[in-house]
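Asker: Sequence:
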Amino acid sequence: MNPMKTMTLRSKTLGLALTAAALLGAATQMVRAADDKKAAPAAAARPALSVTTTQPQSAALPLKIAANGNIAAWQEAVIGTEANGLRLAEVRVNVGDLVRRGQVLATFAPDLLQADVAQIRAMVAEAEAALAEAAANAARARELQTSGALSEQQINQFMTAERTAQARLEAQRAQANTQALRLRQTQVLAPDDGVISARSATVGAVLPAGAELFRMIRQGRLEWRAEVAASDLARVKPGMGVSVTPAGSAPIAGKVRMLAPTVDPLTRNGIVFVDLAASRDARAGMFARGEFDIGTGQGLTLPQSAVLLRDGFSYVLRVGPDSKVSETKVTVGQRLGDRIEITGGLDANARVVASGGGFLSDGDLVRVVDAGAQAAAKPSAAAK
1 MNPMKTMTLR SKTLGLALTA AALLGAATQM VRAADDKKAA PAAAARPALS
51 VTTTQPQSAA LPLKIAANGN IAAWQEAVIG TEANGLRLAE VRVNVGDLVR
101 RGQVLATFAP DLLQADVAQI RAMVAEAEAA LAEAAANAAR ARELQTSGAL
151 SEQQINQFMT AERTAQARLE AQRAQANTQA LRLRQTQVLA PDDGVISARS
201 ATVGAVLPAG AELFRMIRQG RLEWRAEVAA SDLARVKPGM GVSVTPAGSA
251 PIAGKVRMLA PTVDPLTRNG IVFVDLAASR DARAGMFARG EFDIGTGQGL
301 TLPQSAVLLR DGFSYVLRVG PDSKVSETKV TVGQRLGDRI EITGGLDANA
351 RVVASGGGFL SDGDLVRVVD AGAQAAAKPS AAAK
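Heads up, the sequence shown is in the working numbering, so the first residue is 1 and it goes up one at a time.
Calculated from the structure, these hints are not laboratory results.
Fair warning: there could be bad hints in the mix.
[As the list claims (entries may be wrong)] Cβ-Cβ distance ranges computed for the label pairs, FRET-style: (1) F287 / L112: 47 to 55 Å; (2) T267 / T331: 25 to 33 Å; (3) K255 / G344: 32 to 40 Å; (4) A198 / N84: 19 to 27 Å; (5) R310 / G333: 12 to 20 Å; (6) M258 / E170: 28 to 36 Å; (7) N70 / G344: 30 to 38 Å; (8) D275 / A125: 50 to 58 Å; (9) M258 / G333: 23 to 31 Å; (10) Q75 / L266: 36 to 44 Å; (11) P208 / T267: 50 to 58 Å; (12) Q75 / E170: 36 to 44 Å; (13) F359 / A59: 26 to 34 Å.
[Stated by the list, open to error] The list that follows gives simulated cross-link-like pairs (lysine-lysine, DSBU-like), each with its CA atoms no further than 35 Å apart: (14) K64 / K329; (15) K64 / K237; (16) K255 / K237.
The model shown is predicted, which means the values in this text are computed figures rather than measured ones.
The C-beta atom is built at its ideal place from N, Cα and C for all residues, glycine as well.
Based on the provided sequences and hints, a complete structural model is requested.
Answerer: What follows is the structure, encoded as structure tokens:
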């Protein structure tokens with residue numbers, strides 16, 4: 001065979017072999033790439049977390065109206081002096097003291113009035129003596145009236161003197177009663193049971209009539225004056241229960257006594273007067289928040305663990321048919337124990353992540369497990 005032909009044939013055979021090897025390598029790489037593409041979705045589809053789901057439940061919810069207001073005295077009595085120009089000798093009570101009706105709160109110096117009382121008593125005795133003499137003269141004149149020993153004019157004079165003496169005695173007795181009353185006014189008495197809330201009395205002061213000495217909360221009763229929006233006033237009724245919480249204190253039970261007949265034209269709020277139960281924490285002048293219990297209603301609730309707070313808004317993670325979660329914004333209402341009211345943004349048939357939503361993001365794939373099975377798995381895991 002020609003050597004040149006042999007070399008040409010070998011070169012062609014080698015070229016075909018190299019081409020076949022290159023094609024085989026390319027095919028192998030394509031197969032491997034296809035396998036990688038198939039494996040990638042499988043890895044991406046791996047669930048991010050195993051969760052349990054829950055649905056909103058209908059529950060009876062208390063209906064309440066929230067309001068703000070101030071605590072004030074039910075009635076505040078102003079206790080002043082009735083005597084005029086007397087010196088205050090003694091003050092027996094101070095702010096915060098409990099007092100009883102008729103208790104002596106303060107006394108004025110009675111020396112001047114006692115002298116006036118002694119003088120008027122002497123004048124009464126003098127008037128009684130004058131009346132006795134005039135009555136005796138009038139009696140004798142009546143006896144001699146038929147004898148003619150005295151003229152009709154003289155008899156009338158004796159009878160007139162008797163009546164004049166009687167009138168003078170009554171006038172002196174009236175003055176004596178007045179002086180006795182002024183003497184009693186040297187003692188300042190409590191007009192009712194209550195608590196002393198203010199004191200302006202100072203020992204040694206000479207006070208005019210009507211000057212204020214004390215202020216007293218009658219019977220120690222306090223009330224909460226709640227400012228309620230005009231739109232809610234129709235739902236508030238006398239006798240309704242109220243929970244009032246003063247600033248920094250525990251709630252106090254109250255009861256609606258009455259509603260103000262007018263509404264403030266600027267704020268459009270009406271005042272509701274609420275009688276408060278006795279409490280050491282409440283003080284007149286304190287600010288307080290409260291809730292009026294107006295009945296019950298139906299609403300949807302979720303466990304508080306299912307509701308997430310993000311950026312100042314409430315969210316739940318809904319689980320779709322494809323086991324992917326979607327972040328849903330909801331509005332919430334009152335809290336009842338470990339549950340929270342859902343007032344909007346979610347229907348009753350929705351499935352949401354019951355707990356652990358803080359570890360998930362919108363669009364994550366989850367594996368939904370039965371709550372009972374998960375609870376049973378926890379003790380077994382703990383035993384290991």
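Asker: Hint by hint, say whether it matches the structure.
Answerer: Do the hints match the structure? See the list:
| no. | hint | in the structure |
| --- | --- | --- |
| 1 | F287 / L112: 47 to 55 Å | holds (48 Å) |
| 2 | T267 / T331: 25 to 33 Å | holds (26 Å) |
| 3 | K255 / G344: 32 to 40 Å | holds (33 Å) |
| 4 | A198 / N84: 19 to 27 Å | holds (22 Å) |
| 5 | R310 / G333: 12 to 20 Å | holds (18 Å) |
| 6 | M258 / E170: 28 to 36 Å | violated (49 Å) |
| 7 | N70 / G344: 30 to 38 Å | holds (33 Å) |
| 8 | D275 / A125: 50 to 58 Å | holds (56 Å) |
| 9 | M258 / G333: 23 to 31 Å | holds (29 Å) |
| 10 | Q75 / L266: 36 to 44 Å | violated (27 Å) |
| 11 | P208 / T267: 50 to 58 Å | violated (41 Å) |
| 12 | Q75 / E170: 36 to 44 Å | holds (40 Å) |
| 13 | F359 / A59: 26 to 34 Å | holds (28 Å) |
| 14 | K64 / K329 | holds (24 Å) |
| 15 | K64 / K237 | holds (13 Å) |
| 16 | K255 / K237 | holds (10 Å) |
The earlier numbered hints that this structure contradicts are 6, 10 and 11.
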